[in-house]
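Hey, can you work out the whole structure from these sequences and the hints?
Protein chains in written order, with my numbering: chain L, 1 to 772; chain Y, 1 to 256.
Honestly, the hints are just simulated from the structure, not real lab data. Computed from a prediction, not measured in an experiment: that's the story for all the values here. Hints may contain errors.
Simulated restraints, written as ranges between beta carbons of each label pair [to be verified]:
1. Y/35 <-> L/190: 54 to 62 Å
2. L/490 <-> Y/226: 37 to 45 Å
3. Y/256 <-> L/131: 45 to 53 Å
4. Y/63 <-> L/490: 47 to 55 Å
From the derived model, a few chain Y residues whose C-beta atoms are all more than 12 Å from chain L [to be verified]:
5. 31
6. 32
7. 45
8. 145
9. 163
10. 173
11. 187
12. 189
13. 203
14. 216
15. 232
All C-beta atoms, glycine included, are put in the ideal place defined by N, C-alpha and C.
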Amino acid sequence: MENLLTKLLRYKWLTMLFIAMISVYFISEMKENTRMETDLDEYMPKDHPAFVYSDEAESWFNIKDGIVVAVENKSGIYNTATLDTLKQLTKRLQKFEEIDKDDVKSLYNADNIVGSDGSLDVKRFYKRVPKAEEELQELRKSVRENEMVYGRFISTNEQVAVIIAEIGDDVFSQEFYNNILKTVKQSETDDITIHVAGRPIVEGEMALLAPADMKKMVPIVILVILIVLFITLRSIKSTFITLGVVFLSTVWAFGLMASVGIPIYAVSTMIPVMLIAIGVADGIHLYSHLQTYMAHNPGVSKKEAVSEMLNHMWKPVVMTSITTAVGFISLLTSEVYPVKYFGIFTAFGVMAAMFFSLIFLPAGIMIFGLPKVKKANIDNDMEGHSHSKLANSSAAWIVKNKYVSILATVVIVAISIVGMQKIWINSSFLDKFEKDSDIVQTDKFINENFGGTSTLNLILDANGKKDVFKNPEVLKLVDRMQQDVDAQLEVVGNKFSLTDYIKRMNKVMNSDNEAFNTIPNSNEMIAQYLLLYEMSGDPENLTKVADYDYAKLNITFQLKKDDSKSINAALDIINSYEDDFETLDISMNYAGSGYKGLVFTDLILEGQIKSLIMSILIIIILLSLMFRNLVVGLISAVPIILTALISFGIMGFLNIPLSTTTALLSSIAIGIGIDYAVHFLEQYRTNAANYNDKYKAAQLTMAHSGKAIIFNAIVVIAGFMVLLFSVFPPNRELGALVSLNMFTSFAGTLTIMLVLLYIGNIFIKKNNNKNN
Amino acid sequence: MKTIKLIAIALLTIIGLSANAQLTGEQIVEKAYNRETGNDQTSTLTMTLTNASGQNRVRTIQQYTKDFGDNEKSIMFFQAPADVKNTSFMNWSYDTDQADDQWIYLPALKRVKRISSDSKSDYFMGSDFTYDDLGDRKLNADIHKLLREETINSKACYVVESISKDEEYMYSKTITWIDKETFIGVKKEFYDEDEELLKILTIKKVETISGFQIITNSEMKNIQKNHSTSMVLTNVKVNTGIPASNFSERMMTRGI
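Listed below in structure tokens is the structure:
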């Protein structure tokens, strides 16, 4: 291997040309084929039963997420101007190409089922905007009397009216969003304020904000890394060549993605995070070795120095890269495709970074020359075996006070386990925004005045048996469950189903007598009411609550929050009715984006935990084989396990919920952690083999690998700390957690791992122990 | 002055002559509208609604219709499905602008109820037909224009475009293929407010019963919703002399 690498040094220009050509090819592929995937439905595994059912149910009942447009007038909505705005906005939204006309609902086009004795009427609340005071009062009265709109389209304080425009999953774009906002804002006056909320807006805003924020932050991150890297390497040439490794491996990873036609998902933005960490690590370790060698051998030739560097370092670089890549490959077990792709392409990027570190970096040195290095002052007393006083003393301290490390580790692990208990999963989108952001404030406003901006759809399925949902016994149970959920949970603001239509009709057909606001007792009565509604109302409305054969029912619960805790609380109460429905041969299923998000998050985490355990096992096996020693494999896993534990523990204490991004960070933590551990181990082994003196080995390794690890950690931590100034909370969490993981990995490697190597007499031949 | 008058007369004559040779859109629709279909009709209507996922709702209705000159009355009784059997529905429509009078009798409620609907744009019993589509639409509500002549299903047809005079009407326009010989509309396209094709009506079968041409099988397909309604008439009898007293609330509860 080292021969091959050394030979390659002769063909430095050819190597560069080769790399440049492939990179140009990948860049052109990226230009042509790169596509961002923002439709969250594309992230979900299509063949998972929960999603299959939900997707089907969505098409049966035309379940879509709604944009909520709230028209607010502090002096009340029952005046000509406000009602006219409501009408015009409803019509304008209907005109949008992206919105189906029938999917826009407001007081203006809602059905008003009314009746006095002898007649039933399904009519509009208003068509022409009422002008006279009596007309306005009449309207107010009819709204108040109709539970199907009061509190649903009009707030109970009568100051806000909402228009709900449901849109498909795939229509949201920046342009559409801007057009909606523009349309809406045009209708604002001194008295009328208009707010826009709803899941599509939140999802859309997030899909736009996250990359936009990253676009702003990444150049600063790179700049900071560049500066800190320069300070540590003290060479412009070295800094740029190292960043070249990062840049090229990123280009290759994304280039390959583009050329095989895989789009960029939100999680794909984490690929460069890993490549920055690993690329910088390789560069620093290589340069650190080169500089140390040059300091000890002044006047050495370019070729000689680079050969020595490769000779000494190719092994740890290859070992770290392979273990890291294999760790990422374990993400293939995930059921979520974007996560699988993240695993594959990060692994590829890591291997590319290895290739560049061993080929591009040496060729770069050959072309641009060696960095300048101060001659090591060998004569000075360094109080130890290495050339660095600090390394000697810290290694000595760590080894001497080994129980401090062990005790600290035990305490930290214990605390982390406590913290982990507090960890919670959150699939909420809204929680990703600042508490005082417009989007959160608007959502809060609408939730205060209406049922809720988030929906949960319960699908009752009689498994193909027709007309089950015309049966009074069944509908009464449905009604009881709805009331129960509504009454028990603050967070459930509203519910809507077939029973609401039937109760309303029963009341209206019985002279508006409140005693008849119930489900009638006869099957025929229900069937005839439904026929009556079809004959006088818009039968399209019924298709949203029941299927054609009355063998399936869609019950919509409106929630005031979209976080997992709230959804789960509602699910718990609903599920307590499962047995009752079971005896009626009716099964319960859920649908809608909120529910899918919940299942999806669970799925990601389950996969994440599985692959986390698997990758740790694989790494232990791999390193045991590489070092031909099971104990070494186990010791090498200590820093990564620590890193993962602390990461989860701190998330628990800081109330950072597990989400797609934060969960994937644990994979990155392992990737980084193993990199540190292997570099350190390999160095320690060489030194132990050379001197068979573990004290000396510890000090030498500390001076060499230890220093490189610290520098690496400082560079990456400094870079990712920049993200703490991001305006998008998830990006801040990312910055904080990456920094934290880097710190734990480095601290774990240099303390507890060293202590364990030391105590275990690893790599030391038994009979020759000098220091114990 | 005289010359102008003469020219005017001459022009009018020419227009009149050519109109005789070639009917205007207005005249074609009028002929179709006034086509003789008898004074009363009895039939069994089988209405099949099919939704986008291919599920069906089949309803069998016994219906009676009688033309009273300036108004038309119809009464219908549900035979199937069983849970709505004997539900009956009565409709009186008027040649004037007066809104239809409608009643429904729900046997489970044992009472006849008036129902009123805002407009003739309402769909008939959850089908894809509005009351207007079923023939309630007044001739003069639209401006009719002959577009071209065309042969479909080996029938020579006039193709007439009708644009509503009321801008708020649910159809921006309709295009009707009218058989040149019988003046039966054999196909009709309905365009929505945004001038996009909404529905297509196809006449599938016309039978001669007691000397009258009666449409016995037609299908309305909503293109945008992928929903369709088929109406098949059987046991059709024309001019049997249904007594006027049959169209009453009492008959609705009792059945004919």
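Here is how each hint holds up against the structure:
Our hint of 54 to 62 Å for residue 35 of chain Y and residue 190 of chain L holds, since their Cβ atoms are close to 59 Å apart. In this structure the supplied range 37 to 45 Å holds for residue 490 of chain L paired with residue 226 of chain Y, their Cβ-Cβ distance being about 41 Å. At roughly 47 Å, the beta carbons of residue 256 of chain Y and residue 131 of chain L sit within the given window of 45 to 53 Å. Roughly 53 Å separates the CB atoms of residue 63 of chain Y and residue 490 of chain L, a value that falls within the hinted 47 to 55 Å.
Here residue 31 of chain Y stays apart from chain L, with its beta-carbon at least about 32 Å from theirs, past the 12 Å limit. The claim that residue 32 of chain Y is not at the interface with chain L holds, since no C-beta of that chain comes within 12 Å of its own (minimum 28 Å). Consistency note on residue 45 of chain Y: stated as away from chain L, and its beta-carbon is indeed over 12 Å from all of that chain's, at 14 Å minimum. The non-interface label for residue 145 of chain Y is consistent with chain L: the shortest C-beta to C-beta separation is roughly 27 Å, beyond 12 Å.
Look at residue 163 of chain Y: its CB is around 20 Å from the nearest CB on chain L, clear of 12 Å, so calling it non-interface holds up. Under the 12 Å C-beta cut-off, the non-interface status given to residue 173 of chain Y relative to chain L holds; the minimum distance is some 17 Å. A cut-off of 12 Å between C-beta atoms confirms that residue 187 of chain Y is not in contact with chain L; the least separation is 25 Å. With a least beta-carbon separation of about 19 Å from chain L, residue 189 of chain Y lies farther than 12 Å from that chain, consistent with its non-interface assignment.
A cut-off of 12 Å between C-beta atoms confirms that residue 203 of chain Y is not in contact with chain L; the least separation is 24 Å. No Cβ of chain L comes within 12 Å of the Cβ of residue 216 of chain Y; the nearest lies about 23 Å off, and the non-interface call holds. Every CB of chain L is more than 12 Å from the CB of residue 232 of chain Y (nearest about 19 Å), matching its label as outside the interface.
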